[in-house]
Structure formats: structure tokens, C-alpha cells
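Could you put the whole structure together from the sequences, leaning on the hints where they help?
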Amino acid sequence: MTVSGGSVPLRPGQRGPLTDLVVLDCSMVWAGPYATKLLGDLGATIIKVEANRQLDSVRGPAIPPSSSSAIGLYANNDPGKDPWNRNGYFNKYNRNKLGVCMNILMPEGRAVFMELAAIADVVVENFGGGVFERMGFGYDVIRGVNEDLIFVSMPPSGNGGPEAKYVGYGVAIEQLGGIVARTGYRGDDTPMKTGINYGDPIAGIHTAGYIMTALMHRRKTGRGQYIDLSQREATINWTAESVLGYQMAGQDPTWIGNRDDYMAPSGVYRCTGEDSWIALAVGSDAEWRGLCTAIARENLLTDYPTYERRAQHHDAIDAAIGAWTAQRAAADAMAIFQQHGVAAGICSDNRQVVHDPHLEARGFWPEVRHSTAGSHILAGEAWQYSRTQAAIYAAAPALGEHTDYVLREILGKSDEEIAKLHEAGVLENTPEAILQQRAQSGTA
Amino acid sequence: MEGPLTGTRVIDLSQYIAGPYCGRIMAGFGADVIKVEPPDGDPIRRWGPFPEAAPNPETGAFHLYLNQGKRSVTLDIETEDGRALLRELLGTADVLIESFRPGMLASLGFGYEQLKEEFPGLLYVSVTPFGQTGPYAQYHAWEITTYALSGLMYITGEPDREPLKNGGYLGQYGAGQNAYIATLAGLWERAVSGLGQHVDVSVFEHATSLLEMTDMAYIYAGQIYPRSGNGARAAWGIYPCADGFVGVVSGPLRRWANIATLMEEPILANSRYQQAGSQSELRDEIDALMLPWLITHEKEEIYQKAQALGLPFGYVATPADLFKNEQLQYRGFFHEVDHPVAGKLRYPSIAAHFSDGLWESRRAPLLGEHTNEVVASLGHDAASRAQLSAAGAFGGATHGVSATSGGTR
Chain E
-9 MTVSGGSVPL RPGQRGPLTD LVVLDCSMVW AGPYATKLLG DLGATIIKVE
41 ANRQLDSVRG PAIPPSSSSA IGLYANNDPG KDPWNRNGYF NKYNRNKLGV
91 CMNILMPEGR AVFMELAAIA DVVVENFGGG VFERMGFGYD VIRGVNEDLI
141 FVSMPPSGNG GPEAKYVGYG VAIEQLGGIV ARTGYRGDDT PMKTGINYGD
191 PIAGIHTAGY IMTALMHRRK TGRGQYIDLS QREATINWTA ESVLGYQMAG
241 QDPTWIGNRD DYMAPSGVYR CTGEDSWIAL AVGSDAEWRG LCTAIARENL
291 LTDYPTYERR AQHHDAIDAA IGAWTAQRAA ADAMAIFQQH GVAAGICSDN
341 RQVVHDPHLE ARGFWPEVRH STAGSHILAG EAWQYSRTQA AIYAAAPALG
391 EHTDYVLREI LGKSDEEIAK LHEAGVLENT PEAILQQRAQ SGTA
Chain Z
7 MEGPLTGTRV IDLSQYIAGP YCGRIMAGFG ADVIKVEPPD GDPIRRWGPF
57 PEAAPNPETG AFHLYLNQGK RSVTLDIETE DGRALLRELL GTADVLIESF
107 RPGMLASLGF GYEQLKEEFP GLLYVSVTPF GQTGPYAQYH AWEITTYALS
157 GLMYITGEPD REPLKNGGYL GQYGAGQNAY IATLAGLWER AVSGLGQHVD
207 VSVFEHATSL LEMTDMAYIY AGQIYPRSGN GARAAWGIYP CADGFVGVVS
257 GPLRRWANIA TLMEEPILAN SRYQQAGSQS ELRDEIDALM LPWLITHEKE
307 EIYQKAQALG LPFGYVATPA DLFKNEQLQY RGFFHEVDHP VAGKLRYPSI
357 AAHFSDGLWE SRRAPLLGEH TNEVVASLGH DAASRAQLSA AGAFGGATHG
407 VSATSGGTR
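So the sequence lines, in the order shown, correspond to chains E and Z.
So the first sequence is numbered by our numbering: it starts at -9 and just counts up by one.
So the second sequence is numbered by our numbering: it starts at 7 and just counts up by one.
A hint or two may mislead.
As the list claims (entries may be wrong) - Short derived list, chain E residues pointing at chain Z, Cβ under 8 Å: (1) F117; (2) V121; (3) R209; (4) G212.
Said to hold, decoys possible - In silico DMTMM-like cross-links for lysine to aspartate or glutamate, where the CA-CA straight-line distance does not exceed 20 Å: (5) K155(E) to E123(E); (6) K311(Z) to D249(Z); (7) K350(Z) to D242(E); (8) K210(E) to D362(Z); (9) K155(E) to E307(Z); (10) K210(E) to E8(Z); (11) K210(E) to D38(Z); (12) K311(Z) to D293(Z); (13) K403(E) to E413(E); (14) K330(Z) to D242(E); (15) K155(E) to D362(Z); (16) K155(E) to E332(Z); (17) K311(Z) to E287(Z); (18) K311(Z) to E332(Z).
In case anyone wonders, no lab produced these hints; they're calculated from the structure.
Cβ coordinates follow ideal geometry from the N, Cα and C atoms, glycine included.
Structure below.
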């Protein structure tokens, strides 16, 4: 008999449609934490279990090299005394989560972990294929303490099969999933990677939805579920039309730069200022009329009245648009185009998007106070609710920040029991590398 | 087959990619998704590719994939009868998905505020480029527009060339996948409260939420993050091979020597190169040692051999490659689905195995295929339906072809 969800106290500010759910998060880096970030932002209680011996790599190294090229990710450019708590990558994806740091390979740690698994609705792991299972935490084992659990594995190509043990970074998954084969400058002989490791967030967004699906199934049937996700398959789901198109045409797609198979013109045009650009696409004759009016070139309307004509004479049209945008600031050009019904947007850099007036008006960048990194804004989510508004209410946990809280308030352990676990080295909130450094310098 | 969403009825008014993709996932998991189309169909039906490059509203690749498992009803909601039928349908629905410009449905009497009293349990899901509020709410956008504004485009491509869009329509798919999460979370809460609400999904915000850590580089440290092309790191990026391109990924560093083994080039094992690691100064030298082996081997072979050595290589997979891959075959990812006009095609299913097998791949509906049966189910007898049809409530013709199953997962 398990008591799932609804039994843990909510934290100040925690709200949203999923406040009755508890997720035990054993994932690291980007894909898994992305999935649990989504559920946490919807109100679920996320308990992230970490190990002090092997930090989540996006916390950065416990002792960063003095000439660290990753210095830009630390709050206020300062690694500080606890760099692993001050890394922007980790702190972005782990907000709203409770952080527990313990050694789950020690018997007492394993026991605490199983107690947490027993009260959780969902366990998420993204170790390489089979690794978590070999550590003794397979679905069959955990199911023994929580029969209706939803258990999620999300290796690169799924569990089982000839590639079950293959390793994969997001940079390879976006290639394997069909994104890169269609990305690149038109006419170049090599395709281009995207600006992010696309495989990870795609897998994360899929996973959160599949977890909700399995929970709906559980509500209906009382049954738990094992979800075996493949990051590669998730990526293919977002390139699906090219898979069908290949079967129809008998040939593979290629990269076409900023052009579009269904719209013309489509492109990016230089504006005044350094590296400043505006992107637009014309999807209908009405939009084309708007564009020609906006740039005061009504003659183009008669020269190229149809999509076919525009696609044929794309270069000439690009030149006309570019001549107009080159005289204008990108934001001004965007406003004028949009007034004429043209789907134009500036190519924001990371500073501009953070200050984008629309995102600001929608409250997309809420501010949270982190225990050592200070107060900063964080990117929000793609959805808003009218009634059960979700919230970003807490910064990411410092390593082990909520260990005692979780054991006391959620597992009901006494202060004595918790102190004992600290003494035994099961609970340890300082990275192993730092402990070793202290031991070597004799200052332990 | 009984799925987790069997018994949930969705009225899907959405068009193009993002909203319909949300409806597709719901349909695959068992929801009764009624795609309400204008008389001439969702405009995505006009997008190719098409078999034999012959445009046909029933056979476009986007339509076939995005509307899998749905029923199609044509309604002209510009007519009073059409609107009355839509209202009757909403009375049977749990979820409404729509993607019109904010305010458009309100002008026809179907805004959220106008519906919530009559249908307090309705989950009203809007999937639009910019969301329902804010200064860009009325702006127009295609994929490239929101992709540019999100900051994703600025960081893709070469530093001395223009920013580059990613191929395909990832912003649209992603917004739909996010809408699916948000819809199910809304249904989860509704099961307890009995109340619906308005869920406002934005493509722009989805795209912005993908910035990995470049937003943090500015927020935490005030840095502008540049484009870096295929990367300046040594032995890390897209390289040519005999039949296409492979992704060389030289991490983790402790496995560096395996690259020398893989490429049968002992000089690569030199500790000088290993220590160079991800640094770029030895890039050309290292490339020159790798290329002779790479360009004489095929991508699938390079991928398999590298992985056997624990190297996280990938390759630039085309659809043809996907069908050849043994792992995807082993997992049964592609489901063959028959369609009365498009014929048999292999469709991507979903990206996971569920131990209880929750997914079913079905075909997309013909335009208006289910108008008759759905309107009949609302209690309109043949005479009433004929009257509605004559009054133009449905616009075009209706069909009568039965759905066929294409596989489960």
C-alpha cells in the first residue's frame, strides 16, 4: 500500500495544477532536469537527489580551473567559495526543486532513497542505458516499495535493442534525429549544427507529457507504468513531415538556409547597427501586398504577384527588401512590417530577448533569490493558466540545501536520526573534491 | 483499444502545426479528437510534400502526420447554423484547442470569457505565436519570426554570416508538445475541481525557453553570446564521411585514445593532442589526421564503431538513414498506416515504450469525413442534417470511409 502525492507539505508560493504530485528526480545535465522543471513549474513537488561524489556536470567542477572558460556562467562573474552553487546553467533548470544530497550506494542512503521512492508518484532517471538499474535501482526493485509508481528512463536511443548502451550528447541527438540534415546555409556543402543541444529539451518536453499521460492512465486503472523514452525518437517526432515526405518523393531533404518550402520571400535581412538583422516570411498574397506597401515598392507586386513568381525571383526580392532594411533599425523595421501584416521579427541576441518588451509584459522573466547566487531573473514557460496559475517561486537548491527539510518534513525523521545519517557520511552537503582538498591541507 | 485519454473529447479548431500536433498526441492516447475544419479545410492541407508532387488536400505530409487519429467535421462558423453546431459540440467536449489570432473567436461569440459560464468544465487551450496578451499579441508570425525573436537564430550559423534558422518547424512542434503537457495538467486538476480554465500557450515563449544557458550568460554575467558555426573545438563537430556527414564528439577526454584506435591513426593518441582536448589551436592538425579515415568510411559504420568504443558520436541522419537503422527497427518506432488516398506510409509513432502500451497509430481523416456521424450523434436526424447542409452549415461534401488501425505502442 502506498500513499502517493498530496501528502507532502507545499512550500511558500508553490501553486499550479499539479500540487498533489511528488517527483523523485535522479536526472542530471539537461534532458531529465528539463522534464522535471516543467512539472515543478506546474506545481509538482520535485525532490532532486544528488551525490556529492559526482556533481551534476552543469554545476561545473567543484574546484574550477583558475582560467575557466566557463567563467561566464557564474553569478556576477564570480565563482565564489561555492562555485557549484553559483552556476547559471544548473540554477536555470533546477528552480522550484528541493535538493537532497546523499550517498545512495551506502545501505542507509539506499534505505532513505527507497523511503522517498515509496511516497513518490514518479521517478525520473537519465543515466546511460541500464546504469541506474545496475546500481540496484531498476523499475522492478523500486516497484517493490511503490506498486503504482511511474518510472521513467530516457537514454539516447531507448532501453533494449542493439544500441541500448550507446552514449549520446544532445549535439549528436539532433543529428541522429534528422534536424541537422535540414539545417545549413543554402548552397553550402556542409550542414550546420543548431545553436543549442536540441536533443535534450526535445526529450525533456516529451517526457513531461508522457508522465502526465501515464498519470492519467493510473488514475483510470490504478496501474503504474514504466516509460522507456528514446531521445532520438523524440527528435524524429519533430521532423516527422520530412520522414513522410521522403517516402513520397523518394529523395532526402536538404538544407535551404533561411528560405522556406512553402513561403516566398523568406529570409534574414541586415539592419543598421552591428550584427543586427530582421527575419521575415511571406505566407500569402495579402502579406506580400503588405510587404510591398511597407517598403514602398508596389512595383514588386505587379512583377511578382504569385508565390511561384516570388520563389523564382527570390534573389531580386531579397535585394529590394535588404536595401530597405539596411536603412533602418531592426526594431523600427519590425514595427513597420507588423503594421502591414508582415510576419517579421528581429533576430534578438541574448541581451535583447531578456529585455524584449512583449516577454516583459507577460511576466516571462520572474525573479528568484538564490541562497548564495543572489537575486536573478529566469526564463519562464510557454504556458499560462487563467485559474490555477503556475509559478516560479524558488531558486535552484544549493547542494543539499533541503536534505534535512525533506527528511524531517516529508519522511518524518527526527533530528537525532538525521544527525546520525550526517555522522555516518550518508548525508553530505559538500562536494567530495572539496572534502579531499581539506583533508590534504590538514584543515579538515 | 482503451487508452489513457479514452472518454476525453477534444474539439480541435486549431490549424497549421502547433495546435494540431497537440491534438494528434491526444488522439494517439485515446482521446476522441474532432477536428473542426472550415469548408475548404485546414490550410495545412495545402502544404506539401505530396505523393508524386501532386497537390491534394488529403495527402500532404504535414496533414497526414498532424491529424492522425482525428475525426474531421467541416463547419462554416461564419454561418449562424455553423456556430450553433459548434456550440452543441462544445457542450459535449472536455477540451477546446484553437490557434486563431487573439480576439477572432471572441468576435464570433466563442471567446473564453463568453464560454466559461455555459461550459464551466471546458479546458480552453489557445496555441498562438505570441499568446493572448502583451504588445505582440496581434502580431503575425511564421516559424522564422518567433525563432528569430527567441534568440535561437542569432546563435545559429557562422559569426561572419547572417543568423540561420534551423531546418523544419521545431518551434511549432515544440509549442504543440508543450500544449500537450499543459492540457493534461489542466485535465489532471479538473478531475478534482471539476473546473476548466483558459490555457494560453505561446510559440515565442516555447522557443525562448530553449536557450540552454545563453540567457543565463547575459543574466548572470552580462555577456553577449555569439554564433560559432559548427564550433571551434578540435575533434568536435560535423565532418564529411564517405556517404554524408558524421558528428565527431571527442568527449569524455579519458576516452581520447579510443579516437586513435577507431581511426587507425596511432599518432592521434599522442598526449599532446589529448591535452589539447577541446581547445582549438590544434584543430587543423587533428582534422588532417582524422579526415583520411573518415572520408573512406560510411556514417552508420563510423557511428557503430565509435559507440562500441564508448565514443558518443552521431551522424547526420536523413530519413533514408532512419529507416535503415537497426535500433529504430528493433523498437518498432515506425508504424505503417494505410490511408484511402495516400496509401501505405510509415509514420513516426511516439518516442517511448509504455509498459501498458498506451499508443495507437491511426490515419488522418478525409476532409469532412465524419461530419454526418458527428452531427447525427448530436441528435440531428437526417431531415435536420439535410436542412443544415442546405443552409451551408457544413460547406463542402462529406465522405464515408472507415478508420483503420496502424499499430500500437
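Going through the hints against the structure:
1. F117: violated, 14 Å
2. V121: violated, 13 Å
3. R209: Hint on R209(E): holds, closest Cβ of chain Z at ~7 Å, below 8 Å.
4. G212: violated, 11 Å
5. K155(E) to E123(E): holds, 12 Å
6. K311(Z) to D249(Z): holds, 16 Å
7. K350(Z) to D242(E): Holds. K350(Z) to D242(E) sits at ~19 Å (cutoff 20 Å).
8. K210(E) to D362(Z): Measuring from Cα to Cα gives roughly 13 Å; hence the hint holds.
9. K155(E) to E307(Z): Distance ~17 Å between K155(E) and E307(Z) Cα, so the pair holds.
10. K210(E) to E8(Z): holds, 11 Å
11. K210(E) to D38(Z): holds, 16 Å
12. K311(Z) to D293(Z): Holds, at roughly 19 Å.
13. K403(E) to E413(E): Roughly 15 Å separates the two Cα atoms, so the pair holds.
14. K330(Z) to D242(E): Since the Cα atoms of K330(Z) and D242(E) sit roughly 13 Å apart, the hinted pair holds (cutoff 20 Å).
15. K155(E) to D362(Z): Violated, at roughly 23 Å.
16. K155(E) to E332(Z): Given pair K155(E), E332(Z) holds - Cα atoms ~14 Å apart, limit 20 Å.
17. K311(Z) to E287(Z): This hinted pair is violated, its Cα atoms lying about 27 Å apart.
18. K311(Z) to E332(Z): Since the Cα atoms of K311(Z) and E332(Z) sit roughly 14 Å apart, the hinted pair holds (cutoff 20 Å).
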